[in-house]
Amino acid sequence: MRRVSAADVEAALGPFDELNPIGDQSGSGECWVGRVGADRQVIKIVVHEHEPGRFAREVTALARLDSARVMRVQDHGTIAVTAETFPYLRSEFVPGGSLNTHMAAGPPPDDLTLRAFLLELLRGVGELADARIVHRDLKPENIILRAGDWRHPVVIDLGLSRLVDTTSFTVYPWALGTWPYMAPEQLRAERATSLSDVWAVAIIAAEIASGAHPFFRGEPSIPHDWDARLRGGPAVPGARPAALRDWITNAANYRAYRRPSPARSVNQLEETW
Amino acid sequence: MSIENGFWLQYASQNADDLVDLADDLADNGYRPGIVFAPVGNPARLCQLYGRMRAEGEAFLDPSGFLLDRDGRQQRATNYPWLDPTYGRPDDLDAWTEWMEQSLQHQLSRGFRGGADEPSILVTPSPQLLASSGTAELYTIVDAASAARDSTEGTRECWLGIAVDRDYLRNNARLTELADTVVTAGFPGVVFRCFQSELSPISDRRLLEGLRELVEGCTGADVPIFLPNAGWVGWLAGAWGAHGHSGGLSKGSWFDRMPTPMRNPGRRDSIFEPQLLRHVHWTLHEQLFNEDGYEECSCDSCVTMDGDFDAVEAKIHQIRVAHARSNELRPLNVIGRRRAIRARIDAAVDFRDDLPRTLQDRADARFLDTWLSLV
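Chain order of the listed sequences is A and B. Just so you know, we're using our numbering here: the first sequence kicks off at -5 and counts up by one. Just so you know, we're using our numbering here: the second sequence kicks off at 145 and counts up by one.
I should point out that these hints are in silico values taken from the structure, not numbers from a laboratory. Treat the numbers as computed from the prediction; the structure is a model and nothing was measured. For each residue, glycine too, the CB sits at the ideal point set by N, CA and C. Treat the hints with care, as some may be off.
[What the hints assert, rightly or not] Simulated restraints on C-beta separations:
# : chain 1 : residue 1 : chain 2 : residue 2 : range
1 : B       : Asp498    : A       : Glu264    : 50 to 56 Å
2 : B       : Glu242    : A       : Ala125    : 24 to 30 Å
3 : B       : Asp165    : A       : Glu264    : 49 to 55 Å
[Stated by the list, open to error] Here chain A is said to cover these stretches of chain B; the calculated rule only asks that three of the stretch's residues, wherever they fall, bring their Cβ under 8 Å from a Cβ of chain A:
# : stretch
4 : 320 to 330
5 : 364 to 374
Same shape as in the complex, but just chain A (with noise of 0.2 Å):
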C-alpha cells in the first residue's frame, strides 16, 4: 500500500503526462516515472527517514554533481500528504536497461570493454567520494548501461533508501535483501564510507568477470559463515587480466581502511591493466 498517490505527486510537483508507480517498495521510498512532453524523469519519495540530517547534506551535495556517470537531480524538496511531509528526489530517467538485465542476458564483456565499464563506474564512485557522497547500496540494479551500452554505466537510485540507513537498516542490514554486495562493515552494521562502496564495484566486477557471485550462490537469505566467506576474499578466473585480479583483490580487502580510493583504483587500473 503506497502512502502516496499520484493526486499526491501531482499536486506537489504540478500535473504530468504521464505517472506511473515503478519498483520495489523497499519499506523506506516509493519510486514513480512521470512524462511531460518528451522529458522523462524519477520521481523518489523517502516515507520513512530515519536520519533527516543526513538526507538532507547528501541530497544537497548530491544536487550539485552534474556527471553522465551519476543520475542527474533535477530538484528536491517535500511533499505534503494530509498530515505529513515527506522528502522527495527528482531525477533524470536513465534509458538502457539495469545492469543486472545485460549480465542476465549475455553475452559477458570483453576485456576490453569490462575495463571501460569499470572505469567509468569508479569515475562515478569517486565523484560521488568527492562530494561525501556514499551510495551504500550499490549493485547491477542500482547501475544503468546508458542506451545500453557498457561503457557508460549510471549510477542510480541514490538518495533514498540508503540515505536512511544509520537506525533500524543498519541493526539489520539484511533485512531490506541487498546483502549480497554489502560490505562487511555494513553487515557487522558498522557505518558504510566510499571504501564501502569500493568494496561492492569490486563485488560486481568479479562478478562480471567470472560469471558468478564471488561469494554467494543465490542463498536467500544471509549464510551464517557470511563472515568467514567475505574474509577468505574473492576468487577471479585466471583467464581475466591479471591487473583486474590484483585490483579486485585489493578492493575486496576484508578491512575497509586497506581498500584503494576511488581515484587511487583508477590510477592502479590505468597504469596496470
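Given the coordinates of chain A, assemble chain B onto it according to the supplied hints.
Chain B only, in chain A's frame:
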C-alpha cells in the same frame, strides 16, 4: 599543501621560552622543525612565542580537546573556552560542532596568533574517546569535525584531531572502525593521540601493532597522520609512514600517558641514549661510555656537558638526536625510511647484546625486540 614532515618541537608550559631559539638553532643543522603549540600556560606568552615562531617557520595549535575530560584549571575557562571545565561535556552532534567551532575560531583569532599568520594547519579538537563506550561517539566527533570545518572561515588546511585510549588500538573491532572512519573522513590529514599507561619506551606489542595498522592504513590512503607527543614511538611510526611527530623540553612531551602516579619519581638525572633508543640514568650512561662499540654523541649539548650532567642540556640533547634522525629520514620514501629505522633498531639490538650481562639488565632495552619485529 601540507606541513613539514618529520620531528616537530612540542610546546608545554615548562621551558616554553626556549623553544623558538631552539628551532632557530636546529635549523642550522638541517630543516627547521615546526612547533606544536598547546592550550596550556600563559596565553600572552603563547601568543608572543607563536608570533616569533610563525614569522620564521611552521606552527599550529593542537587544541588538546581531551583536556575536557581531565581535571580543569580555571585558567582554561578564561583563555581556552572549549576547555572550560564548567562548560559541560557536549552530548549531541550540534553541541559537539559548536564546541569545535569555538576551538577553530580561537586558532584563527588574534587572541591566539596576534598579528602573525594563521597556523600552518587548523586542527579539530577531540575528547578522549574510550573503546569501552562504543563507536557512536567516534562517529559523532568526526561528523561534528566535518561540520565545524565547513563552517569555519580560514585559508589553511583543517586536519582531523582524534584522541583515544589504548584499548582503541588493542581491540581489533574498535581499531577497524577507527581506521575506517579516519581514512574516509575526508580530511587532508589527521592529528592522532593514543593515551596509555606506560612510561617510555613503549613496549606494549598490541598497542604498537594497532598503531602500525592505523598509520599504514592512513598512509596507504594518502592521509598524512601526525603523532603529537609521541616521542620515539613517533619516530618508530615513521617506518610505517607517519608524517610527523613531536617532543619538547618538558619530560611529559615525549609520550602520551594517562595521568597516573609516576613509577620512578625523582630520577631526573637521566639522558637519552641514542644507541639504546631510550633514557638511562646518568651513572649508567657513564658506564656505557666506556664499553666497546659505544659511539660518543657529538651534538652541541653533549659537547657543552663535556661529561658532566646538566638537566637542560640533557633535554636538548634528546631533541637534537630526534632532529638528526628526522634529517636522515626526510629525503627517503616510506620503504627507505623503514629500512633506515630498522637499521637503527638493529644496531641498538647489537649494541645491547654485546654489553656485559649486568649492564644489559640495567639498561632494560628488551623493548627493542618488539620494535624490531614491527618494522
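Verification of the supplied hints:
no.	hint	verdict
1	B:Asp498 - A:Glu264: 50 to 56 Å	holds, 52 Å
2	B:Glu242 - A:Ala125: 24 to 30 Å	holds, 25 Å
3	B:Asp165 - A:Glu264: 49 to 55 Å	holds, 50 Å
4	320 to 330	holds (count 9)
5	364 to 374	holds (count 3)
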